[in-house]
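Visitor: Read off the chains here:
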Amino acid sequence: MKFSFSRSMVIARREYLTTVRRKAFLFSLLATPVLVFFSTFVSGKLAADDARAHQREARIIAVVDSAGALANTNTSFEYTPPADVSGPGTRTLANQNSLPLPLPEKVPMIMRDYDSQQAALDSLEAGHVNTVVVLAADFLTSGRARRYEHDTRVFTSSGDDRPLRQWMTRGLLANVDSTRIERVLTLGRGMDLYVPDKGGAYTLKDDTKELTSFFLPFIVGMLLSVSIITGGQYLLQGVSEEKETRILESMLCTVSPDDLVVGKLVGLGGAGLTLVGVWIAAGLALLGTSFAFIQVELPVTLAVVGFAYFVLGYLFYASLMTGIGAVTNNLREAQQMAMIFTMMNFFPFYVLVKLLNSPNSGIAVGMSLFPPTAATSMMLRLAAASMTGAQIPVWQVAASLGLLALTAFVTLKVASKVFRLGLLLYGKTPTLPEIMKLVRQD
Amino acid sequence: MLEIRSVRKTYDDRVVVNDVSFEVQPGEIFALLGPNGAGKTTLIRMITDIIKPDGGQILMNGQPLAGSGRTKISYLPEERGLYRKVPVLDALSYIGELKDMGAAKSRAAAVALLEEFGLAAWAKKQVSALSKGMQQKVQLCSALIGDPELLILDEPFSGLDPVNVQILEDVLRRRRAAGTTVILSTHQMNKVEQQCDRALMINRGHMVLYGTVRDIRQQYAEHAVLVEGGEVPGGVAGVKAMERVNGGTKLSLERGAAADQVLRALLDRGVTVKSFAPVVPPLEDVFVHVVNTGAGLDQGRSGPPTVDEELARGGAR
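Each protein sequence line maps, in turn, to chains A and B.
Following full-length UniProt numbering, the numbering of the first sequence begins with 1 at its first residue and continues without gaps.
Following full-length UniProt numbering, the numbering of the second sequence begins with 1 at its first residue and continues without gaps.
Simulated from the structure, these hints should not be mistaken for laboratory data.
One should not assume that every hint holds.
[Unchecked claim] Here are the simulated lysine-lysine pairs, DSS-like style, with alpha carbons at most 27 Å apart:
1) Lys274/B with Lys250/B
2) Lys413/A with Lys52/B
3) Lys191/B with Lys132/B
4) Lys72/B with Lys2/A
5) Lys23/A with Lys125/B
6) Lys52/B with Lys417/A
Bear in mind the structure is a predicted one, so any value in this text is a computation, not a measurement.
All chains should be built: construct the whole structure from the sequences, respecting the hints.
Guide: Have a look at this one:
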C-alpha cells in the first residue's frame with residue numbers, strides 16, 4: 001500500500017492526543033521543572049544559607065599554642081565575613097554602579113588559651129568551646145596545626161576556618177601596622193578582572209554573565225537532547241505496547257507501515273516538542289526579565305538551526321526506537337536495547353567543559369559530525385560560541401546537518417522495513433545479523 | 001474478486017507457501033483450511049500485503065494489491081488486540097478514520113456496529129473494562145467497520161459463547177447477502193460446512209484440496225450408501241458388505257456398482273426404503289485424513305488426489 005498523508009495525519013493526531021492526555025505526560029510536564037528547580041535553585045540556596053549562617057555564628061575557640069607563635073594576640077576580635085557567599089554584595093556588570101553594597105556584619109570571636117590539648121578537648125566535649133586549635137611546636141617553620149570541632153556537615157573541611165585564619169594572621173603580623181594587615185586580609189578583593197569583549201574592548205569580567213554563558217548552552221543542549229529522547233521514548237513505548245498487545249497486524253491491513261511510522265513520528269515528536277515547549281515558555285515567563293537584565297540574547301539563527309537539529313536528531317533517534325520497539329518482545333527488553341543509544345545522545349554532556357571552552361577542538365568537531373552525537377554537540381558549540389564570540393565554521397554546520405539528514409533518512413527507511421517485519425516476529429528477540437537477513441529477504 | 005496466481009514464499013530455504021493458486025468469488029464465504037503451520041497465516045499476510053510474495057501474483061478485482069484495492073480488504077488476525085485504555089467507541093472510530101471514512105461517518109458506523117453486536121451500552125467504557133468475549137466482538141466490529149469488500153477472519157469464533165457465535169453467524173449471513181466476500185480461516189469444520197460455499201486446504205505450504213465444500217466431501221466419499229427403512233437382506237446385487245450404523249444400514253458397494261442399481265435391487269427385493277443416501281464423510285474426517293496421509297503433497301501439483309492415486313496409496317475407502 002502506498003503512503004497516505006491523510007492517514008498518517010489521522011495516526012499522528014491520535015498518537016499526539018493519546019500521549020498528551022496521559023497522566024504520565026502531565027506528571028512529566030509539571031514534575032520535571034519542579035524537580036530541576038528544587039535540585040538546583042532551592043538546594044543551592046539552602047546550602048549557601050547554611051554556610052552563611054554558620055559563618056555568622058559567634059564562636060569561642062580554644063587555642064593550644066605549643067609554638068608560642070600567637071602569644072601576644074588579642075583574646076577577642078570581631079570577624080567580618082566576606083560578601084561572596086551568594087550574598088547581595090556579589091559584583092556584576094549590572095550592579096557594580098547601581099546597587100549599594102550592604103554594610104558588613106561583625107561576628108564576635110573569643111579565644112581562650114589552653115595549656116594542654118587534652119584540657120582543650122575536654123572543654124570541647126563539655127560544650128564550653130566551639131573549636132579547638134592546636135599549633136605544633138614547629139608551627140612557624142612547618143605550618144602544622146590541627147582543628148577539632150563537632151561539625152557534622154559535609155564538604156566543610158576547609159571552608160569554615162576563615163575566622164580562625166584571620167585571627168592567626170593578625171597574631172602573626174602583630175608588629176605590622178593595621179592598614180597593611182587589613183590589606184593582607186582582603187588581598188584580591190577589589191582586584192577586578194578586565195577581558196576583551198566581542199568588539200575587542202576591555203570590559204569588567206561579569207561573573208553572572210559568565211555563569212549564564214555556561215548555563216545557557218547547557219540548557220539549550222539539554223532541552224534539545226531531552227526533547228529528542230522524550231519523543232523517542234514515547235515511540236519505543238508505543239511500538240512495544242502495540243506489539244505486545246498484538247494490535248498492529250490488523251492495523252497493517254488498513255494502513256501501510258510508512259503511514260504508521262510517519263504518523264507516530266509526527267504525533268509523538270509533537271508530544272515531545274510540546275513538553276519542552278511548555279518548559280521553555282514557562283522558563284522564559286519566569287526568568288525572562290532576568291535574561292533581559294543581564295543582556296542575554298539568543299541569535300535567531302541559533303533557534304532556526306536548533307529546530308533543524310531537533311527535527312533531524314529526533315528523526316534519527318525515533319527511527320532507531322521504532323526499529324527496537326518492533327523487534328523486541330516487550331517494553332523492558334526494548335528499553336534495555338535502547339539504553340546505549342539514549343546514552344549516546346547525552347554523551348556530549350560528558351565532555352561539556354571541553355565543548356564549551358574549546359568549541360573548535362578536534363573532539364568537538366568530531367562529535368558534531370558523528371550523527372548520534374551531532375545534534376547535541378553542535379547546539380552546545382553554537383550556543384557557547386554565541387555567548388563567547390568564538391566562530392564555528394559554516395561548513396561544519398552544513399556537513400553536520402547533511403550527514404545527520406542522510407543518516408536519519410537511511411535509518412527511517414530501514415526502521416520502516418524492520419517495523420513491518422519485526423511486528424510479526426514473536427518469541428526470541430532476533431540478533432542484528434538475523435534482522436539484516438530478514439530485511440534482505442523481504 | 002480475488003485471484004491468487006502461483007504465489008510462493010520462502011523463509012531460510014524453507015518453502016512456506018508453494019505455488020498456490022485459487023480464486024475467491026464475489027459474495028461467497030470461502031474457507032481457508034489447513035493444520036497448524038501449514039502456511040495459512042503467511043498466505044493471508046500476503047493477501048493483505050503485510051508481507052510480499054517471492055513469486056506469483058495477487059489480484060484484487062483484476063488489479064495488483066499495491067493499488068487502491070487493498071483498502072477494501074479488512075483482516076481480523078487470530079492473534080489480535082485492541083488499544084486498551086481508550087473508550088470502545090473511540091477505538092472503533094479511529095479504525096474507521098484510517099479507512100478514509102472521515103470522523104463523523106466513522107463514529108456513526110461505529111455506533112451502528114456496536115448496536116448490531118449488542119454492545120451499545122458499552123460504547124463509552126474503556127476497552128480494558130470489557131470481558132474477553134465482548135472484546136472479541138469489538139475486534140470483529142473493527143474488522144467490519146468501513147464495509148470492506150473482502151473480509152478475512154482468522155478463527156473468529158474462538159472465545160465466543162454459543163449465543164455470540166450465533167450473533168456472528170447472523171452477521172456473516174447478512175454481510176454476504178449485502179455482497180461482502182468473506183475468507184474464513186478456522187479449525188471448526190462444522191462452521192465451514194454450515195457457512196462456506198467453497199474451501200481451500202493447504203498442508204505444508206501446498207494446496208491439497210480446493211473446490212466447493214460439497215465436492216470436497218464427495219471426493220472423499222466412500223463407495224457406499226446408507227439405507228434407512230426396513231431390514232436389508234443379504235445377497236443384494238452390487239453390495240459387497242453391510243454394517244448397521246445409527247439406525248440404518250451402510251452398504252459398501254462393489255467396484256463398478258452404481259448406487260441407483262443397488263436402490264432398484266433393494267426395491268425389487270421388497271425392502272422398505274425411507275432414506276437412501278451416499279455415505280459422505282464430514283469435512284473434519286476429510287481434513288484429518290488428508291493431513292495424516294499427506295495426500296496431495298508429493299505430486300508437485302495443486303489440487304486433491306485422484307481416486308486412483310488414493311487407491312495406489314492404499315488409503316481408499
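Visitor: Hint by hint, where does the structure go against what was stated? Just the numbers, ascending.
Guide: none
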